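Asks: Below, each chain spelled out in residue letters.
Number of protein chains: 2
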Amino acid sequence: MKKYYLITPGPTPVPPEVASQSALPVLHHRTHEFGSVFDRIADGLKYVFQTKNDVFLLTSSGTGAMESAVANTLSPGDKAIVATSGSFGDRWGKICAVYGVQVVWIKEEWGKPIPPEKVREALKANPDAKAVFMTHTETSTGTVNDLKAIGAIVAETKAISIVDAISGLGGEELRMDDWKLDVVVSGSQKGLMTAPGLAFAACSPKAWALVEASKNVRFYFDYISLKKSIKSKETPFTPAVSLCASLDASLNMLRKDGIENVWARHRKLAKAARAGMQALGLPLFSAAPCSVLTAGSLPASVDGAKMVDWMRDEHGVSVAGGQEQLKGKIVRLAHMGYMDQFDLIIGLTTLEWALKKFGAQVPAGKAVQAAQEALV
Amino acid sequence: MKKYYLITPGPTPVPPEVASQSALPVLHHRTHEFGSVFDRIADGLKYVFQTKNDVFLLTSSGTGAMESAVANTLSPGDKAIVATSGSFGDRWGKICAVYGVQVVWIKEEWGKPIPPEKVREALKANPDAKAVFMTHTETSTGTVNDLKAIGAIVAETKAISIVDAISGLGGEELRMDDWKLDVVVSGSQKGLMTAPGLAFAACSPKAWALVEASKNVRFYFDYISLKKSIKSKETPFTPAVSLCASLDASLNMLRKDGIENVWARHRKLAKAARAGMQALGLPLFSAAPCSVLTAGSLPASVDGAKMVDWMRDEHGVSVAGGQEQLKGKIVRLAHMGYMDQFDLIIGLTTLEWALKKFGAQVPAGKAVQAAQEALV
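Line by line, the protein sequences are chains A and B. Following the numbering used here, the numbering of the first sequence begins with 1 at its first residue and continues without gaps. Following the numbering used here, the numbering of the second sequence begins with 1 at its first residue and continues without gaps.
So that you can see chain A by itself, here it is in the shape it has in the complex (with noise of 0.2 angstroms):
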């Protein structure tokens, strides 16, 4: 026997009462049965996003979502800036670049936090800029962006601000309307508690009006006939009925819960996490660690592309180690989404056996003995 422990930062774990709707029978999605569904989720999606603006139903990963926001609103030969401190930042201005947008770089070192006066700046040198990209929370570094700052720089220009919330979205505070930010993407697998497969895109009318504008070539991601879309409850292209339903019933456990309360248990578990990681002697990677997800240093001895395969083939734990340039460096154990206290605990408690495994120095009992104390 062996039970299987997800805390990667996504896919997470999906409840039961979430997963087993995607095994009931598939929706027609040119029903009313169906529409309601749909109703349901826009309003659900809405809510999470904190905004009025409609947000659109892909059928595809977070990616999708990205590509979607750079084909929509930008055309050939556009500046932009791309503002990141980690791999997912990057992946904005690879898209950019396929696209032929004119990518102007803020590059913060890994682990450090966007510096919106940075932004200002950037703005200010490339008043012609169309849109800064930029990341929520970077799921390579656990690192939150203030977005809340950086949305209010953003919007005294023309510019746009186009954020990746896939990781951070229904863990980490987000308030699109409020913190006046124009696109923001994400995903149905971290936060949302749902399988992987469904992306998402809200869009404010500053940005619409780029949208309208934009001579990109885009057939199954543009945002005009999703617009349309949903006036009539049905998605342009036959979406995953199955996923749609699953996601249901997760923004309704989101909604019950409040999202509010939401963001707070993230935040706690989070602090607790931590503690935990410090407690392992472990240093914490980022300067401005998010709420979602904890990456500690490794000592340089211990070699963590390979303690993360142990933890996983001998205990059936998954956590992520690290990307790139921080491959073998970090370990990052993932708390978003449907992830509680014990998967903490869990994670923490192999994580003590692996970095002993693999040779290092650990007091015993230290690191859940710290978590559990900050999760009282």
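I should point out that these hints are in silico values taken from the structure, not numbers from a laboratory. Given the structure is predicted, the values throughout are model-derived calculations rather than measurements. Note that the Cβ used here is the ideal one computed from N, Cα and C, for glycine as well. Don't take every hint at face value.
Far from chain B, by Cβ distances over 12 angstroms, these chain A residues were calculated [unchecked claim]:
1) I106
2) E121
3) K148
4) K158
5) A209
6) V262
7) P283
8) A300
9) S301
10) G359
11) A364
DSBU-like cross-link-like pairs, simulated, lysine-lysine; straight-line CA separation at most 30 angstroms [stated by the list, open to error]:
12) K3/B to K233/A
13) K268/A to K112/A
14) K215/B to K227/A
15) K107/A to K215/A
16) K46/A to K94/A
17) K124/B to K79/B
18) K79/B to K215/A
19) K94/B to K233/A
20) K233/B to K329/A
21) K94/B to K227/A
22) K306/A to K231/B
23) K227/B to K215/A
24) K228/A to K329/B
25) K306/B to K231/A
26) K327/B to K233/A
27) K228/B to K329/A
Fit chain B to the supplied structure of chain A, relying on the hints for placement.
Replies: Then chain B, alone, in the frame of chain A:
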């Protein structure tokens, strides 16, 4: 109590042993457990496509896969032939237009198959055409095209053949390699008996040369990164892992049955559906009826759109009406994927009641009797 019967051309019913896989705990997509699922799916898809070519796995609807074929093989300004006699064939032309492709139309009357000789003539008149787009089974009319003949004609030229096999794959005979087809796209929610959300694109070496030369912008749907990812047994971005688990189970069922037996089963159902439809006094709409769907022409006095709604609302039986210029004029009974002889009996029983309800003269019990006789 109301039982729900899905007799529509996609989404189609999902077998319980397939649907339940999607409710199991989600696998992380960067693990060897998922690698094994990915491997089996890749193999199973080759089997149902009857090809040695790589089959790329996309998280999207079938239309996403259609767009991917245009985006990856052509460049702006290229010329392509689009052979169509229905709503889904027309979609190829719409996508081509969005991508700046110069379209040479072969427009055949709805319900007629594409005459292979017209493709030969179009290729002769347009030796610079890069591709010929076609449809395996045209779902809007229930018509099968002679892909073997058309494939052979295109293979003699420099052009590639690009086939929408979304509704036909896993129901209607299809032999990608033997029939010399270059790109074949499909989706999970029809003959493959899985919920919607996954799509596929298989690509021949002849087509691959165009992929490498294509100047179109694409990121999420890029075949070059998809090809690389096949070697590493994972997808470039987070796939719909729960749907992959379902697909793994359904491909296994198809392989156990044997694809030729699956085609034969659909042929038998189609024969019975045609006998039933004609016994109801509804002439077959298609001149070349396919094995996965039967369309019957309604008497002018019957409001087909209202009739189809009534069948669903009154009896829980979802069938399809007509699209575009056929709205209200035909009724379409699907027999694809996880639909058996009793689904057909249910469809015909309800259709007889519905025709009577909407004022048509119908001989009592004759449709089911005709189907019963054809099914023994």
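Asks: All hints, please: hold or fail.
Replies: We went through each hint and held it up to the structure:
1. I106: About 21 angstroms separates I106/A from the closest Cβ of chain B, which puts it past 12 angstroms; holds.
2. E121: holds (29 angstroms)
3. K148: With a cut-off of 12 angstroms, K148/A remains clear of chain B, as the shortest Cβ separation is near 28 angstroms.
4. K158: Answer for K158/A: holds, closest chain B Cβ roughly 25 angstroms.
5. A209: holds (21 angstroms)
6. V262: holds (20 angstroms)
7. P283: The assertion about P283/A holds, with a minimum of 25 angstroms to chain B.
8. A300: holds (24 angstroms)
9. S301: holds (25 angstroms)
10. G359: holds (24 angstroms)
11. A364: Holds, because the least Cβ-Cβ distance between A364/A and chain B comes to about 29 angstroms, which exceeds 12 angstroms.
12. K3/B to K233/A: holds (24 angstroms)
13. K268/A to K112/A: Judged against 30 angstroms, a Cα distance of about 22 angstroms means the pair holds.
14. K215/B to K227/A: Holds - the C-alpha atoms of K227/A and K215/B are around 29 angstroms apart, at most 30 angstroms.
15. K107/A to K215/A: Holds: K107/A and K215/A sit about 28 angstroms apart, inside 30 angstroms.
16. K46/A to K94/A: The given pair, whose Cα atoms are some 29 angstroms apart, holds under the 30 angstroms limit.
17. K124/B to K79/B: holds (13 angstroms)
18. K79/B to K215/A: holds (21 angstroms)
19. K94/B to K233/A: holds (23 angstroms)
20. K233/B to K329/A: holds (24 angstroms)
21. K94/B to K227/A: Between K94/B and K227/A the Cα gap is close to 19 angstroms, so the pair holds against 30 angstroms.
22. K306/A to K231/B: Roughly 21 angstroms between the alpha carbons, so the hint for K306/A and K231/B holds.
23. K227/B to K215/A: holds (29 angstroms)
24. K228/A to K329/B: holds (26 angstroms)
25. K306/B to K231/A: holds (21 angstroms)
26. K327/B to K233/A: Measuring from Cα to Cα gives roughly 19 angstroms; hence the hint holds.
27. K228/B to K329/A: Since the Cα atoms of K228/B and K329/A sit roughly 26 angstroms apart, the hinted pair holds (cutoff 30 angstroms).
Violated hints for the displayed structure: none, as all numbered hints are satisfied.
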